[in-house]
Each structure stands twice: as structure tokens, then as C-alpha cells.
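Novice: These protein sequences, in sequence, are chains A and B.
Residues 1 to 110 (our numbering) are what the first sequence spells out, left to right.
Residues 1 to 111 (our numbering) are what the second sequence spells out, left to right.
These aren't lab readings, by the way, just hints derived from the structure by calculation.
Don't take each hint at face value.
To be verified - Mimicking DMTMM-like on lysine to aspartate or glutamate, the simulated pairs with C-alpha atoms at most 25 angstroms apart in a straight line are: (1) A:K3 <-> B:E59; (2) A:K3 <-> B:E99; (3) A:K69 <-> B:E99; (4) B:K57 <-> A:D31; (5) B:K57 <-> B:D26; (6) B:K44 <-> A:E45; (7) A:K69 <-> B:E59; (8) A:K3 <-> B:D38; (9) B:K9 <-> A:E45; (10) B:K57 <-> A:E45; (11) B:K44 <-> A:D31; (12) A:K3 <-> B:D56; (13) B:K44 <-> A:D82.
Stated by the list, open to error - Chain A is nowhere near these chain B residues, computed Cβ spacing over 12 angstroms in every case: (14) P8; (15) S18; (16) M19; (17) T24; (18) N62.
Yeah, the Cβ is synthetic: ideal placement off N, Cα and C, and Gly gets one too.
Each chain, letter by letter, is given below.
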Amino acid sequence: DAKTTQPNSMESNEEEPVHLPCNHSTISGTDYIHWYRQLPSQGPEYVIHGLTSNVNNRMASLAIAEDRKSSTLILHRATLRDAAVYYCIRDLGTASKLTFGTGTRLQVTL
Amino acid sequence: NAGVTQTPKFRILKIGQSMTLQCTQDMNHNYMYWYRQDPGMGLKLIYYSVGAGITDKGEVPNGYNVSRSTTEDFPLRLELAAPSQTSVYFCASSYLGGEAFFGQGTRLTVV
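Start from the sequences and build out the full structure, keeping to the hints where you can.
Specialist: Shown next, in the form of C-alpha cells:
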């Protein structure tokens, strides 16, 4: 079961950090965690992915729990352009099936 | 660099008609995917391919067919269009399951 669990929606103020949680309690040792986001009327956009240790890139940081049963996507300073649906995806080891869940709709307000 | 290109962008089909949604990528990616997204919902994986000549079913393959004769192209075929296939279709590609790049989508309406 490749299911991940995310809150349906979250809100943030502009310029503040945002922590988007994801639970993946049945994850196996070779499964990567991917995050994508989808802005309104656009295709999904890659954000970040990781396996065990925390990962950083220009868009965000990914914090993976030590037991790997959960992870958190961190947007360091939310902007209005970050308003989107964020998807946490557990990759089933082979990296061949990116299965999306329902995601978290992030609202960013002034 | 064009990335992932989908054609057409919009299409209206009558029930029972057939069509092919085109997807091509110029990044030499081995993995390609087809998704559908119904209004207000997440993406559902229809078919995927890990290389030329290899395809496999995703979550919702019924009513669709794919082929992967080249690395660049991954067309999706609808044989007998039904209203339930009204959706936005996204094609994506990645190299060995890394960062996936998505096309802009094809909005299909079946009436």
C-alpha cells in the first residue's frame, strides 16, 4: 500500500515559514519520498525528494523522521505564489510509479 | 528545450469516438507517465513506461491503451470515448524516477 496521509488544507501568512506534514507509516527501506505541487490550472511541479536524511534545495527543505514514517516539507518564507496543492508521494522503490494522493491545499494570505 | 509537450490542449469528443493524446519529451527520459485529473481531485495514474517497448498499467487503465515505440513518444489512445473520461490528462517524464516533468495538460470533454 503506497498510501500517504496529508491534511486536506492549511493556511499561512505571507513571509512566514510553512510546515506541511505527511505520514507514510508503511514505508519500506528503499522508498523515496517525493513532493510535488500543483498551481491552479497547471501541471504538477517537482519540489523535492529524499530517502533518509534531510534535503534542501532552492525551493524548500524536506525533513524526514528518523523512523521514516513521516516527513515534513518546509517552505521557509511563504509567498502568494506558493499557494497550491502539495502532494507527498511515496515512491515504491523502483521509482516507476508516482502515485498521487489528494494532497494539501495551501492558502497563503497577506 | 521544450520539455514535455502534449497535444492537443483542448478537445471535445462525441460518445463512442476515439482519439489519441500525443506526448513527446526531448530530455531523453526513460520513464514516462499518463495521468488523469478530474475536477477538484488528485491525479490518477493511467499507464506508465520505464523504457521503449515496456508499458504497464497504473490505477485506472480501463478504457485506455498506450504504446512506447520510441524513447521520446508515449501516446495515449481512447478507443470508445465515454462521458466518464471527461478529464484533464497530464503526461510526465523522468530519468530513472528522479524529478518528473509534466506537460501542460489536455482538457478533454466527452459529450
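Novice: Against each hint, give a clear statement of whether it holds in the structure.
Specialist: How the hints compare with the structure:
1. A:K3 <-> B:E59: holds, 13 angstroms
2. A:K3 <-> B:E99: holds, 20 angstroms
3. A:K69 <-> B:E99: holds, 22 angstroms
4. B:K57 <-> A:D31: holds, 20 angstroms
5. B:K57 <-> B:D26: holds, 24 angstroms
6. B:K44 <-> A:E45: Distance of about 16 angstroms is within 25 angstroms: holds.
7. A:K69 <-> B:E59: holds, 24 angstroms
8. A:K3 <-> B:D38: holds, 19 angstroms
9. B:K9 <-> A:E45: holds, 18 angstroms
10. B:K57 <-> A:E45: Cα-Cα ~23 angstroms, so holds.
11. B:K44 <-> A:D31: Within the cut-off at roughly 20 angstroms; holds.
12. A:K3 <-> B:D56: holds, 20 angstroms
13. B:K44 <-> A:D82: This hinted pair holds, its Cα atoms lying about 23 angstroms apart.
14. P8: Per Cβ check, P8 of chain B is outside 12 angstroms of chain A; nearest 15 angstroms; holds.
15. S18: About 24 angstroms separates S18 of chain B from the closest Cβ of chain A, which puts it past 12 angstroms; holds.
16. M19: Its Cβ never comes within 12 angstroms of chain A, the nearest being 20 angstroms, so this holds.
17. T24: holds, 15 angstroms
18. N62: holds, 17 angstroms
Of the hints listed earlier, there is not a single one the structure fails to meet.
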